[in-house]
Amino acid sequence: MSTISLGDMAQAFQMRRQTAALKMQSQVASQEVATGIAVDKAAKLGGNLLPLTGIQSSLAQLSGYADATRDADLRTTAQQSVLTTVNTLAGDLTAGFLSFGIEGNVTLLDAKLAQADQSFEAAVGALNTQAAGQTVMAGQGSGGAAVASAETILAALQTQIAAAGATTAADVESAVTAWFSSPTGFAQAGYLGGDPQGPVAISATEKADRSLTASALALRDMLQNLAIGALMHRGIPGVPAERQAMARSLGDAMLQNDADRVTLQAGLGLTQGRIEQVSSRNATEKSALDLQQSGLLGVDGYEAATRLEAAQSQLETLYAVTARLSRLSLVDFLR
Amino acid sequence: MSITGALSSALSGLTAAGRASEAVSSNVANALNPNYARREVQLASRLVGDTGQGVTVTGIGRDVNAILLGDSRVAGARSSGAAEIAAFASRFETALGDPTDGASLTGRIGTLDRTLISAQSRPDDEVRLAAVANAARALTDSFGAVSASVQTARQQTDQRIGAQVDTLNSAIRQLSDLNGQIVAVTGNRRDSSALLDQRQALIGTIAAIVPVREIAQENGRVALYTTGGAPLLDGRGVTFGFTPTGTITEDMTLASGALSGLTMNGRPVSTAQGSILDGGSLVANFRVRDELAPAAQAQLDGLARDLVERFQDPAVDPTRPPGAPGLFTDAGLIATPATEAGLAGRLTLNIAVDPAQGGALFRLRDGLGATVPGPVGNSSLLGTLQSALNESRPQASLAFAPGNRSLTLLSGQVVSEAARGRLTAETEASYASARADALETLRLKDGVDTDREMQDLLQVENAYAANAKVIKTVDDLMQILLGL
Numbered sequence: 000m001s002t003i004s005l006g007d008m009a010q011a012f013q014m015r016r017q018t019a020a021l022k023m024q025s026q027v028a029s030q031e032v033a034t035g036i037a038v039d040k041a042a043k044l045g046g047n048l049l050p051l052t053g054i055q056s057s058l059a060q061l062s063g064y065a066d067a068t069r070d071a072d073l074r075t076t077a078q079q080s081v082l083t084t085v086n087t088l089a090g091d092l093t094a095g096f097l098s099f100g101i102e103g104n105v106t107l108l109d110a111k112l113a114q115a116d117q118s119f120e121a122a123v124g125a126l127n128t129q130a131a132g133q134t135v136m137a138g139q140g141s142g143g144a145a146v147a148s149a150e151t152i153l154a155a156l157q158t159q160i161a162a163a164g165a166t167t168a169a170d171v172e173s174a175v176t177a178w179f180s181s182p183t184g185f186a187q188a189g190y191l192g193g194d195p196q197g198p199v200a201i202s203a204t205e206k207a208d209r210s211l212t213a214s215a216l217a218l219r220d221m222l223q224n225l226a227i228g229a230l231m232h233r234g235i236p237g238v239p240a241e242r243q244a245m246a247r248s249l250g251d252a253m254l255q256n257d258a259d260r261v262t263l264q265a266g267l268g269l270t271q272g273r274i275e276q277v278s279s280r281n282a283t284e285k286s287a288l289d290l291q292q293s294g295l296l297g298v299d300g301y302e303a304a305t306r307l308e309a310a311q312s313q314l315e316t317l318y319a320v321t322a323r324l325s326r327l328s329l330v331d332f333l334r
Numbered sequence: 000m001s002i003t004g005a006l007s008s009a010l011s012g013l014t015a016a017g018r019a020s021e022a023v024s025s026n027v028a029n030a031l032n033p034n035y036a037r038r039e040v041q042l043a044s045r046l047v048g049d050t051g052q053g054v055t056v057t058g059i060g061r062d063v064n065a066i067l068l069g070d071s072r073v074a075g076a077r078s079s080g081a082a083e084i085a086a087f088a089s090r091f092e093t094a095l096g097d098p099t100d101g102a103s104l105t106g107r108i109g110t111l112d113r114t115l116i117s118a119q120s121r122p123d124d125e126v127r128l129a130a131v132a133n134a135a136r137a138l139t140d141s142f143g144a145v146s147a148s149v150q151t152a153r154q155q156t157d158q159r160i161g162a163q164v165d166t167l168n169s170a171i172r173q174l175s176d177l178n179g180q181i182v183a184v185t186g187n188r189r190d191s192s193a194l195l196d197q198r199q200a201l202i203g204t205i206a207a208i209v210p211v212r213e214i215a216q217e218n219g220r221v222a223l224y225t226t227g228g229a230p231l232l233d234g235r236g237v238t239f240g241f242t243p244t245g246t247i248t249e250d251m252t253l254a255s256g257a258l259s260g261l262t263m264n265g266r267p268v269s270t271a272q273g274s275i276l277d278g279g280s281l282v283a284n285f286r287v288r289d290e291l292a293p294a295a296q297a298q299l300d301g302l303a304r305d306l307v308e309r310f311q312d313p314a315v316d317p318t319r320p321p322g323a324p325g326l327f328t329d330a331g332l333i334a335t336p337a338t339e340a341g342l343a344g345r346l347t348l349n350i351a352v353d354p355a356q357g358g359a360l361f362r363l364r365d366g367l368g369a370t371v372p373g374p375v376g377n378s379s380l381l382g383t384l385q386s387a388l389n390e391s392r393p394q395a396s397l398a399f400a401p402g403n404r405s406l407t408l409l410s411g412q413v414v415s416e417a418a419r420g421r422l423t424a425e426t427e428a429s430y431a432s433a434r435a436d437a438l439e440t441l442r443l444k445d446g447v448d449t450d451r452e453m454q455d456l457l458q459v460e461n462a463y464a465a466n467a468k469v470i471k472t473v474d475d476l477m478q479i480l481l482g483l
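Protein chains in written order, with numbering that gives the first Met the number 0: chain G, 0 to 334; chain E, 0 to 483.
Watch out, some of these pointers could steer you wrong.
[Claimed, not checked] What the simulated footprint calls covered on chain G by chain E, stretch by stretch (three residues with Cβ under 8 Å from a Cβ of chain E suffice, anywhere in the stretch; the number is not a length):
1) 38–47
2) 57–69
3) 173–182
4) 187–197
5) 259–267
Honestly, the hints are just simulated from the structure, not real lab data. All figures in this text were calculated on a predicted structure; none of them were measured in a lab. Just so it is clear, CB atoms sit at the ideal spot from N, CA and C, and this is done for glycine as well.
Extracted from the complex, chain G is given alone in its bound form (with noise of 0.2 Å):
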């Protein structure tokens, strides 16, 4: 095969070549240029895309992490104002009880148990508040409300009441405490809601306790107290002597009361802590992942430009060549 002369279609066929390969390197450097990452992402990792894969399923996760804790960021906050409410609303009597044990002003009793009424039906209002359209302290029964009506509550102590047939201030009290304490008694037809929410995952290892309800003792302890007030304010008992007694007493159990409400106020205050914590450390690990996936898969933005420069110099050398090559031909010359 002689070596004097070179096929037409060699020199074609090698410049369709590469012109080919040139354009697709333009293409994938402009790519990269545009987007910062690799365009075939299995080739920049070296076929093993597990790191990937990780990344993006504790990405995924993280993003159901963002809502629960924003959703128990919600729920303790609105339950937290329900607490600080009912504080409020019992603080202010607490004091007035305890004054009447000391001054014994019979007047001043009578406006405080006035209130003790009002502040009984708010208590219960308070603790049916609903945040998102979930009753916050009705544990798994948050569809509906956490706590019967005052004025259910109130007529099932009275009939109790009755039924015991207590007049003096120690039967009346005993009879209140039965009622509240008793699994018949409000746990039945005073809390409506459910039993405590388990606790929620908030991140892949941290869960944040939900079991705060409208039953818990503090909250119970602080009802009944106000109840009493109620029924006192109703005329039971009847004997003014039995009624000092059980408002001297009454005072005790809401100085008692407060502080036990402090301390569910301080577990819950806690629980948002921790979740605020949590919320922020999920937030840094979104960005760390974030940061980690760009690495992995990110193109060095000077590199791909330098690439992308030199294939379409490259290309145009090849498209002048061309173009001077295929003016190139003897049968021009022959005239």
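Put chain E on the given structure of chain G with help from the hints.
For chain E alone, kept in the frame of chain G given last:
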């Protein structure tokens, strides 16, 4: 030597120049025909008695490098085979999707995880429960789509094999006829170059499907053997047999007899790697249909089985009656190890939780066996579902090496394996194609060079003019003699 001798020599020169110009014009006309071999007029001194007188055209040569042509064919076959493998690998990887894309298989597993976490936080929220159901349904759809893509690839490959076998058979038949014609033409001492070109083109068609070596025989005949040694044409041509299958499902394999194998003259012939037909796109296609696609499907089925088993565990949902399917089902039934094959294509969401099919979303929260909604704030089952999705558990499927893996890890492995397969196949294909292209370039270099043809034409023109001048001069000489 005499004047008439001079006249006769000049005349033979004119004839030779004429033939040469014919060759040049044919070459130029075929400058863009890749199967055309350059023609060259072969000249020799004409002998009259025992002395040379004039020139004679002994034949028309075809300028072809047989070794290069053979190598180029084999490299081309290998390149087209590697391209088929790479195309399938790339198709499977694309079907699985880019892991950073939410619509990929791994992305959808992530979405299910996310919606479960979110629903656990607000189990009373119907919208979040609906999001879980949608994510689960999207995941089953994803499995179905990838599985369908694998089976479609098998089916299309099967059709392509059918078409290739038809091409092979008709090319071998034509080649056998051509062999006969060439023998006849050569026997009559006529120019068989055009027939040879045609034969080269036909062998090229065959070589794209199976790698062949051409063996020259007497009277211009050729025999054709595959590089593995199978005779395709040796005096008599073989006939291949293959029946394409209309619809291919996961359970149909060559071994089960549901798919057609290849026969050669009615006898079954192996289409495995390393068989006598190996090295071209035909065996590569069989490999895709019988080996690579089923392997891909097995990985997918193993992954689907792991997903189903995670939620099928009796400990996950106590309300579910024993023997009833879990959150994910095998076409509505419980999945068993025996039915693993093709599970990915049959994967469905339990209709009990699918509102579109008469189910109710509350069962995601209260259990698949729940008849009435329970407390709306109960998140314990949703929590269990989410842990079941993420826990590290042993995989019983034979598609994976034994070990404990989470679903994320397992799906990551499947995707990685597909990516690695694609990268390897692509490297192989680009190497094979570079080699084939290099040999093709070399072969094309021996093709028609119009510049050279023009140079030849100039020479022919000069030779013709010179011979004509000789005749004129001889004529003048004769006129002188006659005028005496």
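For each hint, the structure was consulted:
Given a C-beta distance limit of less than 8 Å, the hint that chain E covers the stretch 38–47 of chain G holds, as 6 residues qualify and 3 suffice. For the stretch 57–69 of chain G, the stated coverage by chain E is satisfied: 8 residues place a CB nearer than 8 Å to a CB of that chain, which reaches the threshold of 3. Coverage of the stretch 173–182 of chain G by chain E is violated [criterion: at least 3 residues with CB-CB distance below 8 Å; count 0]. Only when three residues or more bring their CB closer than 8 Å to a CB of chain E does the claim for the stretch 187–197 of chain G stand; here the count is 4, and the claim holds.
Coverage of a stretch by a chain is defined here by at least three residues with a beta carbon nearer than 8 Å to that chain's beta carbons; for the stretch 259–267 of chain G and chain E the count is 0, and the condition is violated.
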